[in-house]
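Top to bottom, those sequences are chains A and B. For the first sequence, our numbering begins at -15 and goes up steadily by one. For the second sequence, our numbering begins at 211 and goes up steadily by one.
Hints should not be assumed to be uniformly reliable.
[Said to hold, decoys possible] Some but not every residue of chain A turned toward chain B, in silico, with C-beta under 8 Å:
(1) Pro26
(2) Ser39
(3) Asn87
Read the hints as simulated data drawn from the structure, not as lab findings. Backbone N, C-alpha and C fix where the C-beta goes; we use that ideal spot for every residue, glycine too.
For reference, the chains in residue letters:
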Amino acid sequence: DTEVTQTPKHLVMGMTNKKSLKCEQHMGHRAMYWYKQKAKKPPELMFVYSYEKLSINESVPSRFSPECPNSSLLNLHLHALQPEDSALYLCASSLYPKVLAANEQFFGPGTRLTVL
Amino acid sequence: AQSVTQPDIHITVSEGASLELRCNYSYGATPYLFWYVQSPGQGLQLLLKYFSGDTLVQGIKGFEAEFKRSQSSFNLRKPSVHWSDAAEYFCAVGRVNTGTASKLTFGTGTRLQVTL
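Pulled out of the complex, with its shape left as it was, chain B reads as follows:
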């Protein structure tokens, strides 16, 4: 069965510092991977996605992620964090159920706190 692990429950970084959020997946075939961000009390916003091709994916708000098949990882990075980046970040893997519909499996999330 597919699964996603986000090892870090909570990360604190200073504004202007670089950021890396870790995501490891378990999936038998080529994974379809996503990073979503959720501000408190809000819905989820897609930051970026990986389906195939270039393993370095650019997203919105200055985020990027790198797919590494050998490490089963899809880590999210940002060179310089802004205070407005404080939020919950979810990594997810997608799967098609034959005859039904696609589903996303989410990791447990990483809460990012940004200090000024």
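Bound conformation, chain A alone:
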């Protein structure tokens, strides 16, 4: 299995809702990433998990809450989002977090989030 899967593909939520995005990989990768991508822009890094521990938080608002239950799973919990949070949310993984040559990141197809 050489892919990163993300569910759901599309999500529409109101500003008072609580929802979660899910990401899964079975490649034995020990680094997992959440990115946010707005239309016609490059991905922006949100969080990095290294060996299931939160390693990097790029000053993301607390309405986004990441969770890494095990080495294969990564969740992003959403609460009280704003319309400007509407974007494509990408998950990625890489083999080893601190080895630069392993910085090759494998991306999932993304979740298209719309906040009404």
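Mind docking chain B on chain A? Use the hints.
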């Protein structure tokens, strides 16, 4: 700080014509460079990477890139473009954060349009 510049926002080529997408980087040490491709509404797929060694790197889908340290460039090329190559192309540079995890810095992207 490391950075990546993709000077061309949008490029149009005819099917069968050759292609070159430009990427310039700024990084103090030996850079670790990547080219990713993204079809509309999809995740990113790695085309090729450069870590060290031969400066001409072969990738998937018939793409290649050449690392030129003197010009701080890592341009992507393809001898004959197919209509299915129409997509967004991102150049990225990797960096290890000591004690945390590796990060990628993306360029702003180049949108490739292919005319028949």
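Hint-by-hint comparison with the structure:
{"no.": "1", "hint": "Pro26", "verdict": "holds (4 Å)"}
{"no.": "2", "hint": "Ser39", "verdict": "holds (4 Å)"}
{"no.": "3", "hint": "Asn87", "verdict": "holds (4 Å)"}
The structure agrees with every numbered hint stated previously.
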